[in-house]
Structure formats: structure tokens, C-alpha cells
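Protein chains in written order, with the numbering used here: chain A, 1 to 148; chain B, 1 to 148; chain C, 1 to 73; chain D, 1 to 73.
It should be emphasised that the hints constitute simulated quantities derived from the structure, not laboratory data. Glycine included, each C-beta is placed from N, C-alpha and C at the ideal position. A few of these clues could be false.
[Said to hold, decoys possible] Which residues of chain D face chain B? A few of them, derived with a C-beta cut under 10 Å, are:
| hint | residue |
| --- | --- |
| 1 | Ser-20 |
| 2 | Leu-22 |
| 3 | Ala-45 |
[To be verified] Partner residues aside, some chain B positions facing chain D, computed with beta carbon under 8 Å:
| hint | residue |
| --- | --- |
| 4 | Leu-4 |
| 5 | Tyr-5 |
| 6 | Gly-7 |
| 7 | Pro-53 |
| 8 | Lys-57 |
| 9 | Phe-112 |
| 10 | Leu-132 |
| 11 | Arg-134 |
[What the hints assert, rightly or not] In the DSSO-like style, the derived pairs of lysine-lysine whose C-alpha atoms are separated by at most 30 Å in a straight line are:
| hint | chain 1 | residue 1 | chain 2 | residue 2 |
| --- | --- | --- | --- | --- |
| 12 | B | Lys-57 | D | Lys-59 |
| 13 | B | Lys-57 | B | Lys-17 |
| 14 | A | Lys-16 | B | Lys-17 |
| 15 | B | Lys-113 | A | Lys-67 |
| 16 | A | Lys-16 | A | Lys-67 |
| 17 | B | Lys-57 | A | Lys-113 |
Below, each chain spelled out in residue letters.
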Amino acid sequence: MLELYDGGLDIPSILKKWYCQESTQNYGAFIPFVGTIRDEDGIDGLSFDIYEPILEKWFQGWQDKAKEKNAIIKMAHSRGDVLVHQSSYIAAIFSPKRRVALEFIDLFVEDFKASAPIWKYDLKNKKRIYALERSTRIKGSGLLGVST
Amino acid sequence: MLELYDGGLDIPSILKKWYCQESTQNYGAFIPFVGTIRDEDGIDGLSFDIYEPILEKWFQGWQDKAKEKNAIIKMAHSRGDVLVHQSSYIAAIFSPKRRVALEFIDLFVEDFKASAPIWKYDLKNKKRIYALERSTRIKGSGLLGVST
Amino acid sequence: MVKVEFLGPIQKESLNLKISNLQELATILQKTPEMTEWLANSAIAVNDTLVSSLDFALKDGDKVSMLPPVCGG
Amino acid sequence: MVKVEFLGPIQKESLNLKISNLQELATILQKTPEMTEWLANSAIAVNDTLVSSLDFALKDGDKVSMLPPVCGG
Numbered sequence: 001m002l003e004l005y006d007g008g009l010d011i012p013s014i015l016k017k018w019y020c021q022e023s024t025q026n027y028g029a030f031i032p033f034v035g036t037i038r039d040e041d042g043i044d045g046l047s048f049d050i051y052e053p054i055l056e057k058w059f060q061g062w063q064d065k066a067k068e069k070n071a072i073i074k075m076a077h078s079r080g081d082v083l084v085h086q087s088s089y090i091a092a093i094f095s096p097k098r099r100v101a102l103e104f105i106d107l108f109v110e111d112f113k114a115s116a117p118i119w120k121y122d123l124k125n126k127k128r129i130y131a132l133e134r135s136t137r138i139k140g141s142g143l144l145g146v147s148t
Numbered sequence: 001m002l003e004l005y006d007g008g009l010d011i012p013s014i015l016k017k018w019y020c021q022e023s024t025q026n027y028g029a030f031i032p033f034v035g036t037i038r039d040e041d042g043i044d045g046l047s048f049d050i051y052e053p054i055l056e057k058w059f060q061g062w063q064d065k066a067k068e069k070n071a072i073i074k075m076a077h078s079r080g081d082v083l084v085h086q087s088s089y090i091a092a093i094f095s096p097k098r099r100v101a102l103e104f105i106d107l108f109v110e111d112f113k114a115s116a117p118i119w120k121y122d123l124k125n126k127k128r129i130y131a132l133e134r135s136t137r138i139k140g141s142g143l144l145g146v147s148t
Numbered sequence: 001m002v003k004v005e006f007l008g009p010i011q012k013e014s015l016n017l018k019i020s021n022l023q024e025l026a027t028i029l030q031k032t033p034e035m036t037e038w039l040a041n042s043a044i045a046v047n048d049t050l051v052s053s054l055d056f057a058l059k060d061g062d063k064v065s066m067l068p069p070v071c072g073g
Numbered sequence: 001m002v003k004v005e006f007l008g009p010i011q012k013e014s015l016n017l018k019i020s021n022l023q024e025l026a027t028i029l030q031k032t033p034e035m036t037e038w039l040a041n042s043a044i045a046v047n048d049t050l051v052s053s054l055d056f057a058l059k060d061g062d063k064v065s066m067l068p069p070v071c072g073g
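With the sequences and hints as input, model every part of the structure.
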């Protein structure tokens, strides 16, 4: 399940909803990862653009991988502006056993950072500044830049 | 912070409390681990004994390790009986950066399983049966069994 | 016609081009100096699937998307 | 006197013994056949700190705890 929200996430509500949705499904381990905007470099917050069609496909690929281990993944992300100390990201793994969950949450979050089609901007003085230096090229980038 | 409760844990309330406690402390990553009793082997639930003095010392050792990385750890566990589909365990890491949190939650949960002075019993037909075959000897066990 | 769209921070209007593969798109976009860095940085998707070869054939109605470096979370 | 307590599933009342090290405790407990498996399985703490040597000296008022295999979570 992939959920997108405008602005900061209501983390306690999302955690409660997900936990209750799965509480009788016999998952022994539940591991959420929550990302919260840090107050640093004088930013007022961050802002996000998302390209949903590719995000959905990327997420479905992970859901399929999880299913092979009898696990499931849930994820929510913010669109637009999110202020400092608000949260913009939550992902969670439910699995029968703990090792699968501990390994999946790490792999999932790292691949999310490297591959999910989401662009981050610093919010400073009402301006939206693309965070190029903190961004990661998607694997295979540069294809159209090759001189021939 | 180490919290012990009689019976199953109210996971949504604990998650909300912990999240709100730290939401302005500039932790970019928050990773809880929740353990829920699985319906298996015909058990009605599990039951737990805890030896608090050593649990507190063990937990404080981890809190000190976390502090070196500017992270903190919270944990709650059930005492006594916890029924199937209820949760008996939650631990969480808060850290400025995600790598520290992802690595700590794994190491912490595994060491918890291997070292925390907590004993587990299956609840079956109103009886409490020690789960010896699923338990782990604490490092250094067998000291008094050595013949001399 | 093939629709070419520029995602996230690339400030450029979509294009509709008569091209039959990605090589032709590369040749066209490389003529625009302000695109140089984006071309070097960005991944390419055709109909929302990432592709890895310039020979990738395009047909009428296809959508090409350019994805610059990402940073979710 | 040294207090010896048996934690978790070990169904045994605490003992108060006049002993000066863990070796003496081992000798006493090894005489009880139903303790054999617990002795082989359990870790030992003195005053709530785990110890790893039978030579560990004990003094009046110390508390020795026996911790059988654990399984939290």
C-alpha cells in the first residue's frame, strides 16, 4: 500500500492505522522507518515533487519481493511543502519473522533513497531550491548525455 | 527509557508518545521494532518473567552506545501473560541520520534476543510451559556446570 | 509523435517530437546548452519503464520521461 | 552469608550459603541431580553483574543469580 499526502504526515495516525490493519494477520515483526525534517542549514522545511507512475511501479516491485518472504510493505510520503520537525516519509515492513523484517527495512529504505522518483527542494526565504548535492542519480543515468 | 507493563502493550499509544516526545529533538530517523505474538502451535499466548536489575544494566549499556552516535533508544516489554495477536515488545531508535538507526535497530534487537534476562513460556490449557528450545543461553553460560 | 517530459527540477516544457529512437532524442537535446548537465545526470523512462539503451525504438504515442537525481524521504 | 537466587523457570527456593567463591557454589549445586541441566545452561551474575570465572571471590552479603536460557520479545 502506497499513500501520498499533501504536506507533513500524521505519523501517529498512520502507525495506528497500519498496526491495526495487520494486527490479526500473524505477522510477528513490524518495523516502521520514519523520516523527519531536521532543522539544519537555516531551512524552513523541504518540498517534494513525486512522479507517481514510476513510484507505483517501483513500489510494486518491492511488494512482490516482500510477498516471496510472506511479508508486506506499506509506505507513505509527502507531496509539496513539509516544515522542519514534521515528517515526510514512513515505510514499514510486516513479516512473520524478525530477520526478514530487519533485512528488508534496510534494503528497502536504501533503495528508496537511490531509486524512488521523488525530488527534494530546500525551502528558504519562500524559495524552493533543488537539493542537487544531496540527490542520487538513478542507476543508468546519463544515457542521453553520451556523445556519439 | 525502559518501560515494563503487565500484559499486552498498547502499541499505538506507545508509538504516539515516543514520537511526540522526540519530534522537536532533530532526529531525522525513527525506527521502531514491534514484536507481536503469533498464533502457532496451538498456544493461547505467551507469558514472560523479567529480572529487572540486569535488564536495566543491559539497557543502560546500549543507551550509552547509542549516545556516542547522538542516538537514543526506547524500549517497552510485557510482564506476565500476553495473548495471541497482542504485542509484547517494542524497541525504537531515534538518530540524526538513517544509517545509524538502521544499523542500531538490528544490532539492538539481536542482542536483546541473546542477552536480555527475560524468560518466555507458552500458554497452553492454562499451563505455563518454559520455551527452552526457542531460548538462547546467555554468553558465558555453563560456568557452574564445569566439573573440577 | 513522441511526447518528451522533463520531471522534477528540470524547468522545461514538454516536447512533441517525430523521432524513432532515443539516439535521435539525444541528438536533439544535446543542441540545447542548458540541457547538458541534465542529460549527463538523468535517467530515461519510456512509458514509465526505465530504459538503458539509446537504440530503444520509439513509436507514435510513446512517452519519454527524463528523471534527474532523486532524493525522497 | 551469600544469597543464591534461581531466576525464571528454575523452580528452586533461594539459598543462603557460607561460601567464599563460585567454585564452592558449583561443588554444592552439582550434588543436586535436578540442577545438572540448569548448571550447564545458565549464566551467573554476582550483584547483578555477569561473571565469567569460578575464582570470583564472594563476600558476606553478596547476591548470586542463576540465569537460564533467555527469550525476550
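Which hint numbers doesn't this structure obey? Violated hints: 1, 4, 5, 6 and 17; rest satisfied.
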